[in-house]
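Peer 1: Keeping their order, the protein sequence lines are chains E and H.
Numbering-wise, the first sequence is residues 1 to 403 according to this note's numbering.
Numbering-wise, the second sequence is residues 1001 to 1289 according to this note's numbering.
FYI, nobody ran anything at the bench for these hints, they're computed from the structure.
Watch out, some of these pointers could steer you wrong.
[To be verified] Sample of chain E residues with no beta-carbon within 10 Å of chain H, all distances over it, derived:
| id | residue |
| --- | --- |
| 1 | 100 |
| 2 | 154 |
| 3 | 251 |
[Said to hold, decoys possible] Where chain E lies over chain H, by a calculated footprint (3+ residues, C-beta under 8 Å):
| id | region |
| --- | --- |
| 4 | 1003–1009 |
| 5 | 1079–1089 |
| 6 | 1174–1187 |
| 7 | 1249–1257 |
| 8 | 1265–1276 |
From a predicted model like this one, the values you see are computed outputs, not experimental measurements.
Cβ coordinates follow ideal geometry from the N, Cα and C atoms, glycine included.
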Amino acid sequence: MLRRTSRFRRTAGAVAVLAAVALTAGACAGQDSAEAGSGQQSSIRIGAWIPLTGAVAAYGVPQKAGADAYFKMLNAQGGINGRKVDWTVKDNAFDPQQTVQIARQLIGQDKVVAIVNANGTAQAEAAFPFVLTQSKVPIVDEQGGSESWYRPPRPGLFGTQTLYEDQAAAVAAWAVQDGAKKILVVHSDPAAFVNVAKQVEPVAKKVDPSVVVDRLAVKFQTTDYTPVVSKVKAEKPDAVILILTSPEAAAYLKEARLQGLAQATYGYAPVAAESTIALAKNAAEGLKAVQLVKAPSDAEPAVQEFRTAMAKYEPGQDAGFLALWGWSNAKVFAQIVKTIKGPVTSAAITEAYEKATAVDPGVSPVMRFGANDHLGTRSVQRVVVKKGVWVSSGDFYTPPARD
Amino acid sequence: MSQFLLVLVSGVAGGAVYGLIGLGLVIIYRATDVVNFAMASLATLGLYVAVSLRDRGVATVLGVLAAITITVVAGLLVRETVIRPLGQGQLFSALVLTMGVSLVAESAAGSIWGDQPKAFPSLVEGTVRWSGAALPAQSLLTIAVAAVAMALVGYLFGRTTLGSAMRAVAESADTARVVGLGAQRLARIAWALGLGLAALGACLYAPRAGLVPTMLSAPLFRAFAGIFLGGLTSMYGAVIGGLTVGVLDNLAANYVSASLRDTFVFSFTVLVLLVRPQGMFGTRTFQRV
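Chain E with its partners taken away, still in its complex shape (with noise of 0.2 Å):
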């Protein structure tokens, strides 16, 4: 009898302990709830998917490890208005799929207010439909993107990433302006590579129309480059376009010194990535290319506080493009942020982004947006390789329109 009623308090002790910690965890989540509704939480949750494994990580760990930085050294600061910022970054490994069970959890149980320099074209689109038009939450400065995505603007999303096209365009002005009359574009033979290179014939015509622009289309991830190059000796251009990644650029660079090109050599940004002259060497001197931000070697205060923040909170990460692109993503957040009076809601931070007309993280080009406008920029950075490292080459650059 004794040892029953022994076992029924202990039960009963149990189950009061479990009650207790059931009605707190629930008013805890009630109150988070509660508070991300409203936006009167003392942080700002924003979340992110970015490729931190895979194939793609290359990119993804950069890109992270650069708003990592800014965010921590924005939180020891006092964080945006007195609210620190709590970037949750999930890895999506580059696959749509993931990404949209991502953007459930980042939003259904983190309660983010906006998706914050995510990763990835194809991959948000698939999370479009649940994350802008269900859940109205915004998704801001993501790296990657499309001209289909701002014409016509889409409610809550709005971009810092001057198109691939843009920057075709830039580098084909670059290459005429340098005297270039006859021009060859060697470009991945994916439809995604072949779209950026048809953009560089309209505008190379349009700064001087006796230019000559002619394409090669080599095969994706193709590491020989000696036919290539055999090709394009023959065709005697004044100037080489490289829409190519970054290994690829490499190679091609490494077997044009082997059989003596010396044609002037342009790039786009994913040429224009510290992998290019760790892999080509020597072969990248005199690399010309167009960039997203200011060379992470600058002497400007701006990247010099890039670089300090780097070596302070993420010590193993290198401070190049892909970290400083990420950086000036939140850098760019946290200054349209900053405008918004009172609750920082999703809609609060659509409303500010649409308000922004003139946004400078100082590494990045100035962003206008607008109600009709929603990509900041069309302009790039000029940068060149010398000594074996990419330096910037004059201010930042906007290319002639598109047609």
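Based on these hints, arrange chain H on the given structure of chain E.
Peer 2: Below, chain H alone, put in the same frame as chain E:
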């Protein structure tokens, strides 16, 4: 003429790499009935070790030897722990397991060394001028090293007792056991030899491409095309098939289209297999119904 020579030498160098990897695949397949998809990923691990040693000041040649050793040891570990317990004749199970090992090895390489491309040093720099063409010294070295390795393999299998024993096991493991040959020991030697050849091919290929965890996927793919073209059971076929793929690939890129090079090569392979399903040097097998 100089352009043709340049493209030809580059094609032969590429083909020599495909031939070495293909030869490794065939040796392992004939000895143990395992199509080793993990071979390229294990060789990539070896390459990363070589680059790490280079970064610590170790000579490139020693790094290459370390890469071969690491690949062989990793391969033998995989065989003893994952493949051998399956037993004989589990072709498809072994195939899937090696695919799994390949993914694990790639993931491990990415976790340890990161996903940013790394440069792998050339064994020799510069060019050699011949008939007006500047031939890359690395390509010529690749051809020479691959030729020596292939000749040594030919000697091993054609002129030595060990080679005869390995051929006997390849014909019939049961019969070999009856006459006193240690099938497991010979299988281990075959795996070591196959993986060593693949690692050597990888070291010769790596200076051309950036070192990333999936770097050897394309050469492995082409090595498979080469062994099917040459004949899955023929070592000569693997070499000649690999060389054919490399040369056709480059000639197609130069004279047909740089974006249709694979299409051309694989169309040719399909045509050959339509005429000779066993490949150029393979032997046709018959099974009673």
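Peer 1: Per the coverage rule (Cβ-Cβ under 8 Å, at least three residues), is the region 1003–1009 of chain H covered by chain E?
Peer 2: That given contact holds, which follows from 3 residues of the region 1003–1009 of chain H lying within Cβ reach (below 8 Å) of chain E.
Peer 1: Under a C-beta cut-off of less than 8 Å, do 3 or more residues of the region 1249–1257 of chain H approach chain E closely enough to confirm the stated coverage?
Peer 2: holds (count 6)
Peer 1: Using Cβ atoms and 10 Å as the threshold, tell me whether residue 154/E really stays out of contact range of chain H.
Peer 2: At about 31 Å from chain H, residue 154/E clears the 10 Å cut-off, so the statement holds.
Peer 1: Taking 8 Å as the C-beta cutoff, is the stated coverage of the region 1265–1276 of chain H by chain E satisfied by three or more residues?
Peer 2: Result for this restraint: violated, n = 0.
Peer 1: Over 10 Å from every CB of chain H: does residue 251/E meet that, or does the non-interface label fail?
Peer 2: 7 Å, violated
Peer 1: Per the stated criterion, does the least C-beta distance between residue 100/E and chain H lie above 10 Å, as a non-interface residue requires?
Peer 2: Given that every Cβ of chain H is farther than 10 Å from that of residue 100/E, nearest at about 23 Å, it holds.
Peer 1: Count the residues of the region 1174–1187 of chain H whose Cβ falls closer than 8 Å to any Cβ of chain E, and tell me whether that reaches three.
Peer 2: violated (count 0)
Peer 1: Count the residues of the region 1079–1089 of chain H with a beta-carbon closer than 8 Å to any beta-carbon of chain E: does the count reach three?
Peer 2: violated (count 0)
In this structure, the hints that do not hold are numbers 3, 5, 6, 8, in rising order.
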